[in-house]
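Generate coordinates for the entire structure from the input sequences, incorporating the hints supplied.
Note that the protein sequences, when read in sequence, are chains G and U. Throughout the first sequence, residue numbering follows this note's numbering, covering 1 to 219 in sequence. Throughout the second sequence, residue numbering follows this note's numbering, covering 1 to 219 in sequence.
Derived from the structure by calculation, the hints contain no laboratory data. Please note that the accuracy of each hint is not assured.
A pair holds if it fits inside one copy or across any two, identical chains being indistinguishable in the list.
Straight-line C-alpha distance at most 20 Å; calculated SDA-like pairs for lysine to any residue [unchecked claim]: (1) 201 with 104; (2) 218 with 25; (3) 129 with 153; (4) 166 with 39; (5) 201 with 168; (6) 22 with 11.
2 protein chains.
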Amino acid sequence: MDSDNDQQVSPTNRTRLRRLPKRGHYDRDTICAILDAGVVAHVAGMTEDGPITLPMAYGRINDTLYIHGSSRNALINALDGSDCCLTVTHVDGLVMARSAFHHSMNFRCVVVRGTARLVDGDEKAAGLKAVVNHVAPRWDGSRPPTDAEMALTSVLALPLSESSAKIRTGDPSDDTDDLAGPWWAGVIPVRTVFGEPQDAKDLPPGRPVPTALRNLAKR
Amino acid sequence: MDSDNDQQVSPTNRTRLRRLPKRGHYDRDTICAILDAGVVAHVAGMTEDGPITLPMAYGRINDTLYIHGSSRNALINALDGSDCCLTVTHVDGLVMARSAFHHSMNFRCVVVRGTARLVDGDEKAAGLKAVVNHVAPRWDGSRPPTDAEMALTSVLALPLSESSAKIRTGDPSDDTDDLAGPWWAGVIPVRTVFGEPQDAKDLPPGRPVPTALRNLAKR
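Take a look at the structure:
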């Protein structure tokens, strides 16, 4: 998906990390690797009922993220032309410190801020394909959408131009005075794993699981 | 944590599901079970830089959720007294349909909307303990916070009174005309798993991993 990988995304005043700035990353490779490894994003926008954040599937083509939803979805429609935030988080570990205060998590997180816009035509078709193919290469193994299905679906584009990554790795950071104390300290790894694909109950015989889907379990 | 389990949370106009209402749940047991099984929430609020959503640890005591952060954290401070949204999502499966259009995910999601408020004194201490103990029972196995550490930490409370759950389970819902088609269809299970706890590199000998932490890997 990458056409030009050695770029930095210039942090803006609202994407530059203020708390613990050493955990901030603004290079495109780091940001895209975190996005590409995610399953769902949490997308936030302002509605007449207040701020809301909902999980959504997403896809990426170069420097643009795509999300989709029913053309009658209230949040999707509220986001068009509006300021929004899209966040993808991986929890990699529970960081168990000596002190309650220094408990933490290891994680990789990307925050994208910007204005989403509804797209149409070729960009809509490409965006939808990117969303379907994001977690598993699936577009070519399924029936393409009809015109009626396309009309029922809205696709929004969000540029990566205002984005940042925040990453924590490694051991707890305990106070020196606590290091010899009686408490256990360490990290409990956390992972998202994919299982063996399960046939739909109404699947006729002779439709084997595509290899690419079976391979997700080996990740 | 439950004192009274047979309650319904009355849906309000902004928590009642409008799209696919059959997937909506408003009973307290369902909502709390999804919250209790989560690792991080995505919390959304409106800041002067626009809407934002960030991952946060959280805890629950009866009908109240607690989140915490540095007393200098911009979002934590923006949320006090403000309308916010807290969302916890579990992805349980990738739903691979015959048609691109019917691809979906199996998931459990809780959305809580309401006004967060900073808490102090006994409620702050109890809320912080609930956050630390949320994923792993850890408070009693670590050094309690000092007064100075408490002063560096802010704790916000958010009531569950306006909350809803949305759940999708099971096979793809393909169109009848597609059922006999050539495509594979089914579900790829997705799970979050905890690994074996890893000692911190600077852990002195004679501090065994607490059993409750080792047991997370058996979940």
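Hint check:
no.: 1; hint: 201 with 104; in the structure: between (42 Å within a copy, 16 Å between copies)
no.: 2; hint: 218 with 25; in the structure: neither (29 Å within a copy, 34 Å between copies)
no.: 3; hint: 129 with 153; in the structure: within (12 Å within a copy, 44 Å between copies)
no.: 4; hint: 166 with 39; in the structure: both (18 Å within a copy, 17 Å between copies)
no.: 5; hint: 201 with 168; in the structure: between (42 Å within a copy, 16 Å between copies)
no.: 6; hint: 22 with 11; in the structure: within (14 Å within a copy, 43 Å between copies)
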